[in-house]
Amino acid sequence: MSVESEFEASERFERADGVFEVVGSDWDASVVPGESEYRVRVEVPTLDSVVEGEVGGTVSEGWFETFSLRIEDVGGVTYAELTAEPVVVREGGRVTVEAEVEAREGNVADDALAVVNYVEGTWFEGIVPGYEYVEEVQEMRERAQRQAEDTPL
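Numbering (our numbering), first residue to last: 1447 to 1599.
Quick caveat, the hints were computed from the structure, so don't treat them as lab data. Even glycine gets a Cβ: it sits at the ideal position worked out from N, Cα and C. Please note: incorrect hints may appear among the correct ones.
Listed next, with one range per pair, are the computed distances between beta-carbon atoms [what the hints assert, rightly or not]:
#1 Glu1595 to Thr1504: 32 to 38 Å
#2 Glu1531 to Gly1499: 22 to 28 Å
#3 Ala1455 to Glu1548: 30 to 36 Å
#4 Gly1480 to Leu1515: 26 to 32 Å
#5 Glu1457 to Gly1499: 37 to 43 Å
#6 Gln1593 to Glu1457: 18 to 24 Å
#7 Arg1536 to Tyr1579: 24 to 30 Å
#8 Glu1500 to Asn1553: 20 to 26 Å
#9 Glu1518 to Glu1585: 25 to 31 Å
#10 Glu1595 to Glu1498: 24 to 30 Å
#11 Glu1457 to Val1505: 36 to 42 Å
#12 Glu1551 to Ser1471: 19 to 25 Å
#13 Glu1467 to Val1533: 15 to 21 Å
#14 Ser1451 to Gln1593: 29 to 35 Å
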């Protein structure tokens, strides 16, 4: 099965203009398939773009630096090899993460989702307590808290 056909077969991806959009992710996430690899792209907001009010420059820079360092470990979430170091670019109120992943036959969609979930989870872990967040992020926090309460110990 080709890389492209594995994404087509997955319910978690929808084809749109030559890429596969991830269905159900919190932020914009897509995959560009190749012959034997694919590029995962996830866009997340910067901390200061989701906070109501101001975020100090030191906090904003520290957040981005920490996020970028954590993204370096994205290759550890799957048995697939990264074909290049992940790229993290901040532009305006967005951070774009790109990772090129070697295709593992039969695991392409799951491996891509693992990368997307890692990036989104890393972003979520970077929420700094003490700030008031925009409604979308506040709803995500409340949903996570409800899910945690429903988890048996």
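Review point. Using the C-beta atoms of glutamate 1531 and glycine 1499, is the stated range 22 to 28 Å upheld?
Key: 35 Å, violated
Practice item. Kindly confirm whether 15 to 21 Å is satisfied by the beta carbon distance between glutamate 1467 and valine 1533. Key: Taking Cβ atoms as reference, glutamate 1467 and valine 1533 lie about 20 Å apart, which means the hint holds.
Check your understanding: For the pair glutamate 1595 and glutamate 1498, does the Cβ-Cβ distance stay inside 24 to 30 Å?
Key -> 25 Å, holds
Review point. If you check the beta carbons of glutamine 1593 and glutamate 1457, does the distance land in 18 to 24 Å?
Key: 21 Å, holds
Point to revise | Outcome of range test on Cβ distance (glutamate 1457, glycine 1499; 37 to 43 Å) | key: At roughly 39 Å between Cβ atoms, glycine 1499 and glutamate 1457 fall inside 37 to 43 Å, so the hint holds.
Check your understanding: Between alanine 1455 and glutamate 1548, does the C-beta distance stay in 30 to 36 Å?
Key -> At roughly 19 Å between Cβ atoms, glutamate 1548 and alanine 1455 fall outside 30 to 36 Å, so the hint is violated.
Practice item. Starting from the range 24 to 30 Å, see whether the pair arginine 1536 and tyrosine 1579 falls in it by beta-carbon distance. Key: Cβ of arginine 1536 to Cβ of tyrosine 1579: about 19 Å, so the range 24 to 30 Å is violated.
Review point. Falls inside 19 to 25 Å, the C-beta gap from glutamate 1551 to serine 1471?
Key: 24 Å, holds
Check your understanding: Okay, glutamate 1518 versus glutamate 1585 on CB: inside 25 to 31 Å?
Key -> 29 Å, holds
**Study point:** glutamine 1593 and serine 1451 - C-beta distance against the hinted 29 to 35 Å
**Key:** 33 Å, holds
Check your understanding: Cβ-Cβ distance between glycine 1480 and leucine 1515: within 26 to 32 Å?
Key -> 27 Å, holds
Practice item. Could you check the hint for me, namely that glutamate 1457 and valine 1505 are 36 to 42 Å apart, CB to CB? Key: 39 Å, holds
This entry does not satisfy hints 2, 3, 7, 8, going by the numbered hints stated previously.
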